[in-house]
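In the order they appear, the protein sequences are chains A, B and C. In this text, residue positions in the first sequence follow our numbering: the first is 37, and each later residue adds one. In this text, residue positions in the second sequence follow our numbering: the first is 4, and each later residue adds one. In this text, residue positions in the third sequence follow our numbering: the first is 6, and each later residue adds one.
Some hints could be false.
[To be verified] Pair ranges (Cβ atoms, derived):
id, chain 1, residue 1, chain 2, residue 2, range
1, B, Gly29, C, Arg107, 48 to 54 Å
2, B, Arg9, A, Gly234, 55 to 61 Å
3, B, Ala184, C, Ser29, 54 to 60 Å
4, C, Gln306, B, Gln175, 55 to 61 Å
5, A, Gly174, B, Gly88, 50 to 56 Å
6, B, Ala184, A, Ala69, 56 to 62 Å
Calculated directly from the structure, the hints in this document are not laboratory data. For every residue, glycine included, the Cβ atom is placed at its ideal position computed from N, Cα and C.
The chain contents come next:
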Amino acid sequence: MWHAAGGGLDDFREAITDPQAIAALKLTLVASAGVAFINAVMGTIVAWILVRDRFPGQSVINALVDLPFALPTIVAGLTLLALYGPTSRVGVNVAFSRWAVLVSLLFVTLPFVIRTVQPVLLELDREMEEAAASLGAGSFQIFRRIVFPNLLPAILSGVALAFARAIGEFGALVLITGNLPFRTEVASVYIFGRIESGDPRSAAAVSVVLLVITFLALFLIGALRRRVTRHDATA
Amino acid sequence: MTRLRRYLLRVVGLSYLGVLLVAPVGLVFYRAFENGFGQAWDAVTTPAAKHALLVTIIIAAIAVPANTIFGIVCAIAIVRHRFPGKNLVNVIVDLPLALSPVIVGLAFLLLFGTGGWLDGLPFDVVFALPGMVLATMFVSLPFVVREVVPVLREIGTEQEQAAATLGAGGWQTFRRVTFPAIRWAVAYGVVLTTARALGEFGAISVVSGRLIGKTESLTLHVEERYQSFDYAGAYAASVLLAMLAIATLVAMTVSRPKDEVR
Amino acid sequence: MAIEAQSVTKRFGDFTAVDGVSISVPTGSLTALLGPSGSGKSTLLRVISGLEQPDLGRVVIEGSDVTGLPPQRRGIGFVFQHYAAFKHMSVHKNVAFGLEIRRRPRSEIEARVEELLELVQLSGLAKRYPAQLSGGQRQRMALARALAVEPTVLLLDEPFGALDARVRKELRAWLRRLHDEVHVTTMFVTHDQEEAMEIADQIVLMNQGRVEQTGSARDLYERPANKFVMSFIGPVSHFGEELVRPHDIDVRREPNGSAERATVERVVHLGFEVRADLALDDGREVWVQMTRDEAADLDLQQGSKVFIAKQ
Chain A
37 MWHAAGGGLD DFREAITDPQ AIAALKLTLV ASAGVAFINA VMGTIVAWIL
87 VRDRFPGQSV INALVDLPFA LPTIVAGLTL LALYGPTSRV GVNVAFSRWA
137 VLVSLLFVTL PFVIRTVQPV LLELDREMEE AAASLGAGSF QIFRRIVFPN
187 LLPAILSGVA LAFARAIGEF GALVLITGNL PFRTEVASVY IFGRIESGDP
237 RSAAAVSVVL LVITFLALFL IGALRRRVTR HDATA
Chain B
4 MTRLRRYLLR VVGLSYLGVL LVAPVGLVFY RAFENGFGQA WDAVTTPAAK
54 HALLVTIIIA AIAVPANTIF GIVCAIAIVR HRFPGKNLVN VIVDLPLALS
104 PVIVGLAFLL LFGTGGWLDG LPFDVVFALP GMVLATMFVS LPFVVREVVP
154 VLREIGTEQE QAAATLGAGG WQTFRRVTFP AIRWAVAYGV VLTTARALGE
204 FGAISVVSGR LIGKTESLTL HVEERYQSFD YAGAYAASVL LAMLAIATLV
254 AMTVSRPKDE VR
Chain C
6 MAIEAQSVTK RFGDFTAVDG VSISVPTGSL TALLGPSGSG KSTLLRVISG
56 LEQPDLGRVV IEGSDVTGLP PQRRGIGFVF QHYAAFKHMS VHKNVAFGLE
106 IRRRPRSEIE ARVEELLELV QLSGLAKRYP AQLSGGQRQR MALARALAVE
156 PTVLLLDEPF GALDARVRKE LRAWLRRLHD EVHVTTMFVT HDQEEAMEIA
206 DQIVLMNQGR VEQTGSARDL YERPANKFVM SFIGPVSHFG EELVRPHDID
256 VRREPNGSAE RATVERVVHL GFEVRADLAL DDGREVWVQM TRDEAADLDL
306 QQGSKVFIAK Q
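Chain A on its own, in the form it takes in the complex (with noise of 0.2 Å):
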């Protein structure tokens, strides 16, 4: 379907090296990859309070999680622009920033993690932590060589949906993030850009990269998980 790429090689190598392109690009991987890493570590802090904990208010938290997927992305720029931009009620401002990206995209990516460790953690068999408890290990080498291992796989199947969310984002970084060239424009407002000045030629070329880095990318995690897994194989 996107195959209308096409168009010399010549055509493709300019576009793909223009610098601005590689600016957007750049911040686009960095950001996404850095999301990526933050949700793998506070997603599964709050699955487990989701899971192992009990607190007044758990059930009504436990359905906003799920406000990211439901919310338009434009919406969820203007509202992360209204508390955290230049009309700031909480006086920070990272509008029109490198924060802003993070930001935005931190939001469109929280559920990911969540949800993929959650099940895994709710199903984990408690036994194997009593017996580990019985053999002498502590809570938290408990965690590190029991728990954590077992919720691996699931962990790098959230970051792989969230890498690809991230990377290919749009709606909710074009407020916030000022869309300034080499410095908060990423891969998605770029590609967008050439296509408004009616260059889709451009567009295209970039595009082919955007998804050559999102397969790739999706690819390794995914052998990753499934080296990571080779323990669930029956003989």
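Chain A is fixed; fit chains B and C onto it per the hints.
Okay, now just chains B and C, sitting in the frame of chain A:
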């Protein structure tokens, strides 16, 4: 786990959620009604806004049922039948989740626009409603399929085989045996599809040409109002979308498959 | 005394699982905690292990009060009904776990793991993962894992409950042999009276949170403390108002003093044993048990008239 550790985790997790999730959404509501309900209502009932709402609803009304039917058929085909190219179908179904919406929009633009492979259809596709519908259909494609497939796998074919031995034909078996078994998965998938269809921005931004009063959806309307410095209008429209989102959220929580979180 | 529970009470909400129970387990013995579902035996075991905290009472292991200590510090080994195998680790790593936690030198760990795997007859399977083992193999691995840290007491919670009948019988005999070799004070929970009677030195029979009787298998069988014990351990037959062992009923062809008359309704030949269902003249039913030879002597058939009395 010691009490201190438990509280620490709780504080860290909840403040993360608070900062990122709860606070921003609360503020949109505040901002929209800051100057009173009346002004918010005015902002949302301008002709442009009303038309945008209509466009959004039309798109969703077409995309959601289409994807639901496609999703169920596709899920049944994937789980119960073997056919050449099955892997390809799997990949295509998952594709919208990995693609940036802008790229999706671009693809449609190139495909149906001047010089594209599917140029020359009797009606306008790009810069018009059909293009927006198609793009929305594509991005909201996977949800019903992905929800139904695991459920179909899990219930197995025994019940359907039993129905066959009792004389039920294909459609009867589907209506009386298969569908009731997958109905909650379908419901959840429909909710996710609807949310995506209502909220789509990037793809239709590219495909629509954003002609106010003609090809502007509610989401595009929000952006347009903001760029025109009509913040009240932007927030008001956002609130409308946010309320739709919360309704979706409630529907999601209610229809969520049992074997996921409580 | 290796283990002492002193007036232990454990409640879950309104439900009292263990009610003021006191037991003693001699050092080096193999003790069975026997009882029907809900009798509190698993709960008692878990209280002793530290996986549950009692509401009242104390737990003493080898003379030290361990009531306040977590399971990590009680020097116990615990084996679960569903193995609780670390599914992401190989058999070798599973067994080595306790030793690695205690930071023993690598050479010592290797030697001990090898020794234990040989003891439980899993030597060739060190590199396999639990998912690749059968249920019986997984349980043997769990045992090796628990024994690796040389626990003071070994606790097993329905260790053979998840296995099929044949494997269960094999493993229970194997456990007894293991115990004879290793001599660790062992306590296991079971609902299967045959299992308890076959391998345990001492049986603690529990019902509804309390201990009904403690003693050897023979004690419980021949001198039951009450009706519950009698009907739980060994076969019983209802003769009038009383409970009687079916092979303690005397069956004759001729009347004999206070013997009552009965008609044979059904005779079942179970190899060496013969069971007969009898109906007394007033309609009440009694079943009796005798050897093949005794049945032959009496020429028991359906419809025969006999005279029965308690021995």
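Hints not upheld, ascending by number: 6
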